[in-house]
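Chemist: Quick mapping for you: the protein sequence lines, in order, are chains A and B.
Numbered by my numbering, the letters in the first sequence go through residues 1 to 398 in order.
Numbered by my numbering, the letters in the second sequence go through residues 399 to 761 in order.
Please note: incorrect hints may appear among the correct ones.
List time: in silico DSS-like cross-link candidates among lysine-lysine, alpha-carbon distance up to 30 Å [claimed, not checked]:
{"no.": "1", "chain 1": "B", "residue 1": "Lys757", "chain 2": "A", "residue 2": "Lys24"}
{"no.": "2", "chain 1": "B", "residue 1": "Lys426", "chain 2": "A", "residue 2": "Lys307"}
{"no.": "3", "chain 1": "A", "residue 1": "Lys122", "chain 2": "B", "residue 2": "Lys448"}
{"no.": "4", "chain 1": "B", "residue 1": "Lys629", "chain 2": "A", "residue 2": "Lys24"}
{"no.": "5", "chain 1": "B", "residue 1": "Lys541", "chain 2": "B", "residue 2": "Lys757"}
{"no.": "6", "chain 1": "B", "residue 1": "Lys757", "chain 2": "A", "residue 2": "Lys128"}
{"no.": "7", "chain 1": "B", "residue 1": "Lys516", "chain 2": "A", "residue 2": "Lys295"}
{"no.": "8", "chain 1": "A", "residue 1": "Lys122", "chain 2": "B", "residue 2": "Lys426"}
{"no.": "9", "chain 1": "B", "residue 1": "Lys516", "chain 2": "A", "residue 2": "Lys391"}
{"no.": "10", "chain 1": "A", "residue 1": "Lys128", "chain 2": "B", "residue 2": "Lys629"}
{"no.": "11", "chain 1": "B", "residue 1": "Lys757", "chain 2": "B", "residue 2": "Lys516"}
{"no.": "12", "chain 1": "A", "residue 1": "Lys99", "chain 2": "A", "residue 2": "Lys211"}
{"no.": "13", "chain 1": "A", "residue 1": "Lys392", "chain 2": "A", "residue 2": "Lys99"}
{"no.": "14", "chain 1": "A", "residue 1": "Lys128", "chain 2": "B", "residue 2": "Lys516"}
{"no.": "15", "chain 1": "B", "residue 1": "Lys629", "chain 2": "B", "residue 2": "Lys541"}
Residues from chain A shown here face chain B by an in silico Cβ test under 8 Å; the list is partial [claimed, not checked]:
{"no.": "16", "residue": "Val126"}
{"no.": "17", "residue": "Asp139"}
{"no.": "18", "residue": "Lys246"}
{"no.": "19", "residue": "Met247"}
{"no.": "20", "residue": "Lys337"}
{"no.": "21", "residue": "Tyr375"}
In case anyone wonders, no lab produced these hints; they're calculated from the structure.
Ideal placement from N, C-alpha and C gives every residue a C-beta, glycine not left out.
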Amino acid sequence: MKKGNPVISTEDAAQRAAWINDPKIRAILYQIAVLGIVGLLGYYLFSNTVENLKRQSIATGFGFLNKEASFEIGESLIPYSAADKYIKALLVGALNTIKVAFIGIILTVCLGTFLGIARLSKNWLVSKLAAVYIEVMQDIPILLQLFFWYSFFYDILPSPREAIEPLNGVFMSNRGLVFAVPEWHPAHPYMAMAFVAGCIGVYFMRRWARKRQERTGQIFPVFTLSLGIMIGLPLTIWLLAGAPHKMNVPELVGFNFTGGLNMSPEFGALLIGLVLYTAAFVAEIVRAGIQAIGKGQTEAAMAIGLKPGQVLSLVILPQALRVIIPPLTSQMLNLTKNSSLAVAIGFPDFVSVASTTINQTGQAIEGISLIMVVYLCFSLLTSLFMNWYNKKMALVER
Amino acid sequence: MTQSGKNNIQKEGLKAPIIRIGVVHWIKANLFNGVFNSILTIVTLFLLYKVIPPFARWAFIDSLWFSSAEQCRAGSGACWSIIPANIRFILFGFYPHELHWRPFVAMIMLIGLLLYSKNRNHWNRSFGYIWIAGLSIMGILMKGGLFGLTPVDSDQWGGLPLTLMLSFFGMFAAYPLGVLLALGRRSQMPAVKTICILYIELIRGVPLISLLFMSAVLFPLFFPEGVTVNKIIRAQAAIILFTAAYIAEVVRGGLQAITRGQYEAAESLGLNYVQKMRLIVLPQALKIVIPPSVGILISAFKDTSLVVIIALYDVLKTTKSVLASPSWMGFSPEAYLFVALIYFVCCYSMSNYSRRLEKELQT
């Protein structure tokens, strides 16, 4: 803004017509003009805002984060009470967003892959059903779907007393979804440790197997063995602990269930809506990825004597994933961004908590900046991870 | 295969065996080819049998179409009566009741214009003027105040016209901005390029809802004292700013698809930057990006439903307020299915059109 005025004087331009036609100097002039316009606009908005804030005596700065929030949050991953500070309330919201996004992304990828493969099925009925699902889900706004699932929980499902039990130990009612989980046992942490140890072991085994294959050409049964280690180790611990199989089954006490794991209607509606909606887009991506691999690849792989499983895992998938991953990343980000619609159905995600904060403190600028920064961080983290993965999968050209 | 089948018939006068032609062959080839597929078909058919008859019974046989809410509560089927009983509020919101013909005519005009635009032979210079004239007439119809039409304050606009307006005006206003941003991102000038990249990535990184919040609570702070901007216009501005970033990315794809030779040829003819872009590059690039642009229009159309959250009365919000009235409470599946049908018909026809266009333009 400061540099804007002195350079663009008409006098100069008239005197040195040849000088002004130099593309390099022109480029500098244009850039100064653009920066000047953007700067002026920014300054105009900024000064108006400062003026308005002063007039309406709204506080500025992030000092409010250390004040008492004094509102309750329906569900939280960490202990939280109304006496806690705003910053903790916002953290609770951010964790809830991460929870929905994390579970949602995993379920979406599974359902989307399944639908994408179903769409390509040679079975006409299955393929057409998948096509109808994909088309219908893509054409209905996510917010409408969320409202529908929310009303599904509150208007359609009965009270806990008449709860529907679709599977043994799973109860659906207007208080949400309750299902049985294994009762806590001291062996569980050891099982988790065994699983992690198994994963690390598998990682090294794969590296060793690849090196050996490069050296000797012999194929090691990596997949079967990894699966065996990852399931087998925790299973052994479980058996050693005497196979504890007691379940924490939800029971109807009074008007609601106790025990089991409870999923609130808000969380349930948000998760179901997001997963069903995004899976339709993922299905299209998976279909396109698989179709992008020419038939010749399959035929060539079979011609050199690979088994069908090997054709898929060694030839088709590595190539298809390369096509699938970039658009899949953007769908995952979409899911994360769409989870902000939780505010419409009352699930306390980050946007919902931030908007309560804005209403209580009146500090809209800070609140909205926080929302934007948090989502930009989510986007950045996801795309960094995916870029790393993408680079790993990318075609190594020799 | 059909050729050999024909030869057989001609040679021997025999029909091909039933297993090779007609319905039986089709069923065998598409539903029961192999053990796995046969099981899959049977399981799917069983699931459909479990789902479809009860749904059809609820939706069509036991349903009530023109009744009061009390009669509905007594029945066991779907209560479609909620739609005809409240259709005018759902479609037009708080627009004055006796003036509903005006948004109705405006909507018909918009649909007519869209149908007219489907034919690519109509795309020429006068086409643009027709659109501008059409949009102005629609604006006058909605707003009133001219030609003896009663003025209607835009606070009273609502329902489907609002949804259509937010998405179509959003798209049209965002397109030039998006093209400029795309050109800026491809520019050689570092300052321009940085500003454009920052804008595009910032907007694409945040959810639309944060921009809508911004339009609701921050935009009023941006203007000097005494200047108030209507809530709908503010939401429209947020949608335009949001859509422009996505259009910019689509147009950038088109620009990248134009080969270097085109740029060099334009430069060797002595065209300056504006001429080069306007006469050589953009006409080709924009042609390539028509199908993905329709995709953006579809998502803009769906995304306008988010204005519910800042309490604008679009078609979803009017439906929700019908559902909030005590007499119609609890009939949400029927009402939401109706709104879903509206959205589905609009989006499906647009995406179908975009797919057809993609095939036509692939030359």
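Chemist: Now tell me, hint by hint, if it's right for this structure.
Modeler: For each hint, the structure was consulted:
Only pairs whose Cα atoms come within 30 Å are accepted, and Lys757(B) paired with Lys24(A) is rejected, the gap being roughly 43 Å. Among the hinted pairs, Lys426(B) with Lys307(A) is consistent with the structure: their alpha-carbon atoms are about 27 Å apart, no more than 30 Å. Of the supplied pair hints, the one linking Lys122(A) and Lys448(B) holds, its CA atoms being roughly 23 Å apart against a limit of 30 Å. Distance check on the hinted pair: Lys629(B) and Lys24(A) sit about 44 Å apart at the alpha-carbon level, beyond 30 Å; violated.
Distance check on the hinted pair: Lys541(B) and Lys757(B) sit about 40 Å apart at the alpha-carbon level, beyond 30 Å; violated. Proximity of Lys757(B) to Lys128(A) is assessed by CA-CA distance (about 22 Å); at most 30 Å being required, the pair is judged to hold. The straight-line distance between the Cα atoms of Lys516(B) and Lys295(A) is roughly 36 Å, outside the 30 Å bound, and the hint therefore fails. With a C-alpha separation of about 11 Å, the suggested pair Lys122(A) and Lys426(B) falls inside the 30 Å cut-off, and the hint holds.
The straight-line distance between the Cα atoms of Lys516(B) and Lys391(A) is roughly 42 Å, outside the 30 Å bound, and the hint therefore fails. This hinted pair does not check out: Lys128(A) and Lys629(B) have alpha carbons roughly 44 Å apart, beyond 30 Å. Restraint check for Lys757(B) and Lys516(B): satisfied, since their Cα atoms lie roughly 14 Å apart, inside the 30 Å limit. Annotation: proposed proximity of Lys99(A) to Lys211(A) is violated, straight-line Cα distance about 38 Å (limit 30 Å).
The suggested pairing of Lys392(A) with Lys99(A) holds, with an alpha-carbon distance near 27 Å, which does not exceed 30 Å. A distance of roughly 27 Å separates the Cα atoms of Lys128(A) and Lys516(B); the hinted pair therefore holds under the 30 Å criterion. Taking the CA atoms of Lys629(B) and Lys541(B), the gap is near 15 Å; set against the 30 Å cutoff, the hint holds. A cut of 8 Å between beta carbons decides the hint on Val126(A): the least distance to chain B is about 6 Å, and the hint holds.
Given hint, Asp139(A) at the interface with chain B, holds; its Cβ is 4 Å from that chain's nearest Cβ, closer than 8 Å. With its C-beta approaching chain B no nearer than about 33 Å, Lys246(A) sits outside the 8 Å limit, and its interface hint is violated. For Met247(A), the interface hint is violated, the least distance from its beta-carbon to any beta-carbon of chain B being 28 Å, above 8 Å. Interface restraint check: Lys337(A) against chain B, minimum CB-CB distance 4 Å, threshold 8 Å, status holds.
For Tyr375(A), the interface hint holds, the least distance from its beta-carbon to any beta-carbon of chain B being 5 Å, beneath 8 Å.
Going down the numbered hints, you'll see the structure goes against 1, 4, 5, 7, 9, 10, 12, 18, 19, while the others check out.
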